[in-house]
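Participant: Single-letter residue listing:
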Amino acid sequence: MEKELKKRIKKIYKNTQVEFPEANRMVIKTKQENLLPILEFLKNEGFRQLKAISCVDWIEEKEFELIYHLSSLNSPLHIMVKVRIGREDAQIETIIKIFGNAQIYEREIHELFGVKFRGNPNLSPLFLENWQSIPPFRKDFDTREYVKKKFGEIPFVEEKK
Amino acid sequence: MRRNQNEKLKVQNSKKGSFLSPFKAIKFLFKKPRTFLFPFQRRDASKRYRGFHLNDWEKCTGCGNCADICPNQAITMVKIPEIKPKPGEKNERPQIDYGRCCFCGLCVDICPTGSLRLSRDYIHIDHATDSFVYLPKDEKTDKEHFFSEGEYSIFKASLSHRKKNFEGFVSDLEYTLFEPQRVPMKEVPPEERKLSFIEQILGYNREEARKEAERCLECKLCEEACPAHLKISDYIKAIYEGKEEESLRKIFEDNPLPSICGRICMAHCEKACSLGRRGEPLAIRWLKRYTADSIKDYKKALEEKPAPPTGKKVAVIGAGPSGLSVAYFLRLKGHSVVVFDSLDGGGGMMRIGPPLYRLPIEAIDKDVNYIASLGVEFRFNTTVGKDIMFEDILKEYDAVYLGIGTTISRSTKVKNSEKCIPALLFLRENKIGKGFKVGKEIVVIGGGNVAMDVARTALRLQHMQYPGEKVITKTVSLEDWDIMPARKDEIEDAKKEGVQFNPGWGPKEVVLDDKGNIKGLLCMKVKSVFDEKGRFAPTFYEDKEMFLEADMIIEAIGQVPDFSFIPEKLFKKLEFTERRKVKVDENGMTSIPKVFAGGDIVNINLDAITAIADAKVAAEGIHKFLTQKA
Amino acid sequence: MRELELFFGPQHPGMVGNFSITLKVEGDRILEAIPNPGYLHRGFEKLMELRNWIQNFPFVCRINVVEPDSMEAVYAMAVERLANIEVPERAKYIRTIVLELARLASHLFGAWAYANMLGFDTPAQWAMADRDHILDLFEELTGARVYHIYILPGGVRRDLPDGFEEKVMYFLHALAQKLPDYNETFFENRIFYERAKNIGKIKKEEAIEWAATGQVLRATGVKYDIRKVEPYLVYDKVDFDIPTREDGDAYSRILVIRDEMVESAKIIMQCIEKMPKGKVYERLPNPFKWKIPKGETYVRVESSRGELGLYMVSNGGNTPYRVHFRTPSFNHGLFILPRLLKGASIADVGNIMISLYVVAPEIDR
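Residue numbers (my numbering), protein chains in the order written: chain A, 2 to 162; chain B, 37 to 666; chain C, 24 to 388.
One or more of the hints may lead you astray.
As the list claims (entries may be wrong) - The calculated EDC-like cross-link candidates involving lysine to aspartate or glutamate, where the alpha carbons are at most 16 Å apart (straight line), are:
(1) B:63 x C:207
(2) A:140 x C:49
(3) C:312 x B:250
(4) C:312 x B:270
(5) B:60 x C:204
(6) C:312 x B:277
(7) B:60 x C:211
(8) C:69 x A:143
(9) B:83 x C:163
(10) C:312 x B:215
(11) C:69 x A:146
(12) B:67 x C:72
(13) A:140 x C:72
(14) B:63 x C:204
(15) C:317 x A:146
(16) B:83 x C:204
(17) C:314 x B:277
(18) A:44 x C:229
(19) C:302 x B:210
(20) B:83 x C:232
(21) B:60 x C:207
(22) C:314 x B:210
Stated by the list, open to error - If you want a taste of the chain C side facing chain A, the calculated C-beta under 7 Å gives, among others:
(23) 64
(24) 65
(25) 69
(26) 231
(27) 234
(28) 247
(29) 249
(30) 253
(31) 334
(32) 345
(33) 358
Calculated directly from the structure, the hints in this document are not laboratory data.
If you're wondering where the values come from, they're calculated on a predicted model, not measured in any experiment.
Yeah, the Cβ is synthetic: ideal placement off N, Cα and C, and Gly gets one too.
Taking the hints into account, I'd like the entire structure generated from these sequences.
Facilitator: So, in structure tokens, the structure goes:
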């Protein structure tokens, strides 16, 4: 069943690679312009649940990688659709027209990584308040430096003899 | 009983129920309550509870592994000046900040000695926050804070009012995070190896070396114990990452003889290794040998070039470990060096001492040839005092280094001891001379490493020269098993090959037959070896005797240096310490100006690595002396 | 009627942890509900990138306070998959027993929260007391009551102490004898029926669209459980059933919990009978030097609240490169909850929220 799916995807969409790294997992790597059509196609095949959206910061290759996790109630297959976008001025089209609950995941990624989703109505901060630095989950954000700058140097407590 | 319970566990359909159902709870009014009244009724924590820390200060070595693994950086190592550490241990102890500790117990699982444990106490209430930073001890060293069952009260429980014998989570050797077993080394079995001089240890291949290097916990106690302070954890990390050339570079910063030391070093580092407390220590010596053997050409791997020439000339007398190291370090700084030695190749005592099954000649030549390729001039077969005079050397060269070592064997001086054979003669003739004919029953006097070498060599020669006949080699030593100075693995290997030991007996007289040949050795039982001040002064029981049959006796009780080449008036100026070693200052210079010394004539350890450490100090001293004069 | 803005704030007796909702009400009806998470954000995913694979393992259990074992299990499974480590058989059985005991404890905690919110104090305190017995069992086995730090990559940390299996069986039998009492006072109570029926109703199609998992999905009639879809540990060797109900409201969800507790007890009894002998820990390489080859993986586990997933990326180094937890409360609390609260009355805010099994630390991580 999965091999059929792979054949059909590769026939329709160009610039796409499909792999099966482990049992019950399928990885589809594609480009930004094919993303919405592939997600529509998979939803019509029965993969109607969007479980999560993850983001990985590949700082040496200067790219962000977005991963969309999909699953279905009829089969044990778990599909990961991967897209790469550039790191400077990162933007991508939103998918809330296809999967409604993508809205909260996109809001989280916008706050923690700084990726803009065009068309999402509500991208206000979710966890952090009055945040003035760069988005904190990026690889060039140093947590120890931030703590020293914001809270001053707190001395280590010594045991009084 | 089982079926009944399963009936009750079946899934029931939902019922709407009635309004009066809560009133059914009134029947519980007359049942006994299940809760209990803390603190008047007490319930002890379970046997594996993870509470406050306990530390045994006598077992703890201060290695710092607990501080390295804590995920919250809650442990810092604090210097305690009152502790006097043994060699290979530090005088630091862990201090824990309970504001950060999460009681995970990883520090217990990685402690190599098992001294850090968690107890079952968990109550501490205080106004001051400073009291939560705490140096954990236990009831052995801290009697005023630990109380027995009758005196302990839960109303006063705190970090300074703890209960005795209240351990909780302790370390268990099956579940530790480090691996206590070594990767086994392949060696030739005793039955096969005693028939020839084949090299006993076969060496690691690449995967075994990598797996062994993975065990290292990087605590750096070994670096403190090594007399030359090699960067051991760095070169082992390079082997783990597959970079043998980087590893060789790290070794050469302090020790230019890896192929020799990888086979015969005394390995003070392995005695101090943390993993050796409850398991087998890391095989540091064999990993050094693996690095030296896996690189065929040192010159291409290291790419070292000497500095531009300074125009100064240095003479080195003796091509032993200390002489070779001084030559290497000074040549890299740009001076021109000439090495004199009376043998026909480099290595000094290494060339004649350890037999072929421990140190083949090719291993020595590999290191010596690399040092020669840097531009050091070697003049072999040149004895100072006969082929060239010491005063001429002093006039011609800007500095002189004495690495002459101890070359004259000592004698027991009992009756007829002139019929016995000195150890160095036996070993030298056998290794690089014309060979030696042995008898069928040999007795070796001595208990040190040289005696073990002699005994095992004699055994092999007996099997090679009298194949199939009954032959025996015995040893006699003053020291008993617990203070025998030879290395433990040498004694074990000798026992496996069939050498018979007689510890605790001293030689009284060599018995001859009517033709003047040796018949045997008469021995006396030893009462004590050292006197109350620790000096060597053996005493005997005159009435207990034993007769050992022999047709050949070899004496291997120590060596002394040969200063005969130094002329009389210069020798009077040379100062000695009270242990009869040459006295040197912190730069390695003796009391004679321009003359430096190091090695067996200066230190009391009498092994190769201490000689190399002395050579490094002297090389810095010579360089300072030469560049300052200009 | 005027429109008011109320803060159902982080310090509230009916709230599940530190989580706040801003309600726009008109009279007694809610017009709009806006959730505000973020009081418990500790930045775990970023902190875990700076520490070794073994140093991370005391951190993982603190993400979900109520049921920490499923977090440890999913982290251990992800590391084992990336590094190709095999776990011994006996360790798999012990892990299953620990996970099922944790599920029982978590369901009892949920029963306490719901009953307390509705005002049934007596069965709520019984549930807490029974949960305390489970925490005593954990203290015997692992050494701590709440944050066990017991399931690590390679097996489990110590073997079972003597007499542990008898204590577990005794506890399960005692719990089974108390079930009729629970049924009489709480589950078959008329007041509970009136308050919970038809509240927070979700249709089957909506539940699938909104990616609900766990009891929220099973109460609408879909039979979906990760333990049957992709069996991990020893779930393919024991037999158990998946209870479902048809209506999809708060009443069905609570009854699904009660049925699941019974199934968990069955699984534990079967595991204790079938457990083989052997070693329980496969020693790992040195934690200061251990490097895992490049790769990525996604593992999933059925926790007591839904599907718990972990997406882990390794770059061939000493520390993880990216760790992302997919927690069920993120979806239920931030997406489904505002949609169900629209049009409900203020008295039902706690009702709907607790029946969806939202736990605040899981949202923020």
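Participant: Confirm or reject each hint.
Facilitator: Structure-based check of each hint:
no.	hint	verdict
1	B:63 x C:207	holds, 12 Å
2	A:140 x C:49	violated, 46 Å
3	C:312 x B:250	holds, 7 Å
4	C:312 x B:270	holds, 12 Å
5	B:60 x C:204	holds, 9 Å
6	C:312 x B:277	holds, 10 Å
7	B:60 x C:211	holds, 12 Å
8	C:69 x A:143	holds, 10 Å
9	B:83 x C:163	holds, 7 Å
10	C:312 x B:215	holds, 13 Å
11	C:69 x A:146	holds, 14 Å
12	B:67 x C:72	violated, 54 Å
13	A:140 x C:72	holds, 10 Å
14	B:63 x C:204	holds, 11 Å
15	C:317 x A:146	violated, 29 Å
16	B:83 x C:204	violated, 34 Å
17	C:314 x B:277	holds, 10 Å
18	A:44 x C:229	holds, 15 Å
19	C:302 x B:210	holds, 10 Å
20	B:83 x C:232	violated, 50 Å
21	B:60 x C:207	holds, 8 Å
22	C:314 x B:210	violated, 22 Å
23	64	holds, 4 Å
24	65	violated, 10 Å
25	69	holds, 6 Å
26	231	holds, 6 Å
27	234	holds, 4 Å
28	247	holds, 6 Å
29	249	violated, 9 Å
30	253	holds, 5 Å
31	334	holds, 5 Å
32	345	holds, 5 Å
33	358	holds, 5 Å
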